[in-house]
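Enquirer: Chain residues, written in single-letter form:
2 protein chains.
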Amino acid sequence: MQPYPQSSNISRRALLSTLAVLPALSSPFIPVSLQAQSATSSDVLPSWNDGSARQAITTFVKETTDQASPKFVPPGERIATFDQDGTLWVEHPMYTFVMYSLERVPVLAKAKPELKDVEPFETVLSGNREARAKLTTPDLEKILGATLTGMTVHEFEVEAKKWLETARHPRWNRPYTELVYQPMLEVLRYLRDNGYKTYIVTGGGQDFARMGSDKVYGIPPEQVVGTASATKYGYDKDGKPTLTKEPKLTLFDDFGGKPEGIHLMIGRRPYAAFGNSTGDQQMLEYTGAGDGARLMMLVLHDDAKREYAYGPAQGLPDTKVGTFTQALYDEAKKKSWTVISMKDDWKRVFAFDQ
Amino acid sequence: MQPYPQSSNISRRALLSTLAVLPALSSPFIPVSLQAQSATSSDVLPSWNDGSARQAITTFVKETTDQASPKFVPPGERIATFDQDGTLWVEHPMYTFVMYSLERVPVLAKAKPELKDVEPFETVLSGNREARAKLTTPDLEKILGATLTGMTVHEFEVEAKKWLETARHPRWNRPYTELVYQPMLEVLRYLRDNGYKTYIVTGGGQDFARMGSDKVYGIPPEQVVGTASATKYGYDKDGKPTLTKEPKLTLFDDFGGKPEGIHLMIGRRPYAAFGNSTGDQQMLEYTGAGDGARLMMLVLHDDAKREYAYGPAQGLPDTKVGTFTQALYDEAKKKSWTVISMKDDWKRVFAFDQ
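Sequences listed follow chains A and B, in order. If you read the first sequence in my numbering, its first letter stands for residue 1, the second for the next number, and so on. If you read the second sequence in my numbering, its first letter stands for residue 1, the second for the next number, and so on.
It is worth saying that the hints were derived from the structure and are not from the lab. One or more hints might be untrue.
To be clear about the criterion: a stretch of chain B counts as covered by chain A if any three or more of its residues have a C-beta under 8 Å from a C-beta of chain A, and this derived list gives those stretches [to be verified]:
{"hint": "1", "segment": "109 to 115"}
{"hint": "2", "segment": "229 to 240"}
{"hint": "3", "segment": "285 to 291"}
{"hint": "4", "segment": "305 to 311"}
In silico lysine-lysine, BS3-like type, Cα no more than 25 Å apart, as pairs [as the list claims (entries may be wrong)]:
{"hint": "5", "chain 1": "A", "residue 1": "Lys248", "chain 2": "B", "residue 2": "Lys333"}
{"hint": "6", "chain 1": "A", "residue 1": "Lys333", "chain 2": "B", "residue 2": "Lys240"}
{"hint": "7", "chain 1": "A", "residue 1": "Lys237", "chain 2": "B", "residue 2": "Lys334"}
{"hint": "8", "chain 1": "A", "residue 1": "Lys197", "chain 2": "B", "residue 2": "Lys197"}
{"hint": "9", "chain 1": "B", "residue 1": "Lys110", "chain 2": "A", "residue 2": "Lys335"}
{"hint": "10", "chain 1": "A", "residue 1": "Lys240", "chain 2": "B", "residue 2": "Lys232"}
{"hint": "11", "chain 1": "A", "residue 1": "Lys334", "chain 2": "B", "residue 2": "Lys237"}
{"hint": "12", "chain 1": "A", "residue 1": "Lys237", "chain 2": "B", "residue 2": "Lys197"}
{"hint": "13", "chain 1": "A", "residue 1": "Lys335", "chain 2": "B", "residue 2": "Lys237"}
{"hint": "14", "chain 1": "B", "residue 1": "Lys237", "chain 2": "A", "residue 2": "Lys333"}
With the C-beta cut set under 7 Å, the calculated list includes, among others, these residues of chain A facing chain B [claimed, not checked]:
{"hint": "15", "residue": "Arg210"}
{"hint": "16", "residue": "Ala228"}
{"hint": "17", "residue": "Pro247"}
{"hint": "18", "residue": "Leu249"}
{"hint": "19", "residue": "Met265"}
{"hint": "20", "residue": "Gly267"}
{"hint": "21", "residue": "Arg268"}
{"hint": "22", "residue": "Tyr286"}
{"hint": "23", "residue": "Ala289"}
Built from N, CA and C at the ideal position, the CB exists for glycine as well.
The shape of chain A in the complex, shown without the other chains (with noise of 0.2 Å):
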């Protein structure tokens, strides 16, 4: 059972860190309300800086919407596609989604007291940081599957909800749901303005990214495409219907799966496509492949004070999670796709930034 093969790609030095910083769960909720201002055409992309990242994305939405254009796309059309960790929102030290997983195996064991003796569970409710240090991805992906999968989908939105408003980032110690990038908002509300259809296409799980998508990002959870577990249809003791979640993959929703993923819940090519990573590439290639006007975009993370400088483009470290690779970096520019650089194209990272 490989519910979640993207884990490889978890550094197990990044997850003993943030073991060993989360704070307790006893912040109360805040709401959160991160939209961004309703853009007119004098004051859209406020926290850009100008430049050819601002500049690319503003002559696409003009020659796409101009129906004098060549170039011009009819508004059934227009369609963009978010890779969601390190594009919309902070993936470090840990994808969201791992985060909410590793910190569910203590309610997991309350229920099934016998995972206390069974390994990988042992070893994460141990406290021993030394033990948890060397997890594998193999336990990684057993941790997944047990906290993601097995309950009915009312059950995993009721829980997840309910993370989501009390977790805390270890470095901001405010909610994930904070943690989102302003400039990125304001590409969302800004193409959506124009008529464009904004779906998160995400390496991470489906169902965990619908949760908050919509008072997040302004994106309803029926634009979200992630990696996806099989459900099953059947009866409570009730009688009543319920759909149960199986750890068995639908979609697995990463590199060549993306494509896959937006042909099968979108049904056609996208003419805008941001992602970070080398999971994002083909995404990115496969929209480059269609006629007419196409954007596509990388967020370089190079901005180690507000946020992190990881990569390894450009010679930035390598941490495992969200892998931008000089490869990635020397196609992006033999193929004109705009990298943007965070610490230069960015006014500000967040919307809690002054």
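Put chain B on the given structure of chain A with help from the hints.
Expert: Positioned in the frame of chain A, the structure of chain B alone reads:
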């Protein structure tokens, strides 16, 4: 390989009679325009007779869109799902995507001459009607697999579109896309005019159902959920990205697979669901299990003169296509689902009816 297991419902007798009467594919393309007239509040559902079915629809819409109603549903949550074959368009004597598949066999044999000596293709190509009558369900599945997979998504779209424009229904000698039920087009329009997002949720092939869904029903491809084969991302000889349809099921979208497909592709429970057979029962159950106002409706084909009469609910003949059993009829009564009598509830069936 069983890409389309629902084909076990296909009657060999029906298959034979279809093959016997198929017209030559020589008719010119006739543009299709079956959109319902824009509905005003005084003129909704003009092709419906007054009665409990029409009443159920208008009451549901009023209750869920009136802010003062305790059953008010916020616009973003207004989801309505429709089965296609037998609910939105004619499914007799054969599901349209199966018809497509059978008519593709000669084309396939041109590209792969070796098929001429391989069963069941030899039989389909022979013109021997008695031999054709003996085709088994596994035979039909082989034909579906061979004609619906193994090509790129783009190649499939080109072929399926061309077929839909030229193929004719044996009884009416009209394109299949004209054999849509005018009263149902009016329901789709009426729901959309009231903020509902309308979806097709079909047991038939998803890629096939997406062809022309926008033109025929006003439903864009991303709002079509159907039985889907996996696709495989790759590159053609020029290095251009391709998606190839694989002989492997990703989603079997019938019976319990309908709620599973709805969860995968939409991520929320519908408020209204329309079907016509046992394959739709679970979708209606799932819809009805939600809180507040829900609308569940089943089309009963009891109009041999204007369309067909089959069931076998209420003593209608069992033709194995689109089975509406007496047990489903009884369940509908028990659960207060509304049965639409084609004969009594519809003033006209098709746009071309007088």
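Enquirer: For every hint, state whether the structure bears it out.
Expert: Here is what the structure says about each hint:
no., hint, in the structure
1, 109 to 115, "violated (count 0)"
2, 229 to 240, "holds (count 6)"
3, 285 to 291, "holds (count 3)"
4, 305 to 311, "violated (count 0)"
5, A/Lys248 with B/Lys333, "37 Å, violated"
6, A/Lys333 with B/Lys240, "18 Å, holds"
7, A/Lys237 with B/Lys334, "19 Å, holds"
8, A/Lys197 with B/Lys197, "14 Å, holds"
9, B/Lys110 with A/Lys335, "39 Å, violated"
10, A/Lys240 with B/Lys232, "37 Å, violated"
11, A/Lys334 with B/Lys237, "19 Å, holds"
12, A/Lys237 with B/Lys197, "32 Å, violated"
13, A/Lys335 with B/Lys237, "18 Å, holds"
14, B/Lys237 with A/Lys333, "23 Å, holds"
15, Arg210, "5 Å, holds"
16, Ala228, "6 Å, holds"
17, Pro247, "15 Å, violated"
18, Leu249, "10 Å, violated"
19, Met265, "6 Å, holds"
20, Gly267, "3 Å, holds"
21, Arg268, "6 Å, holds"
22, Tyr286, "5 Å, holds"
23, Ala289, "5 Å, holds"
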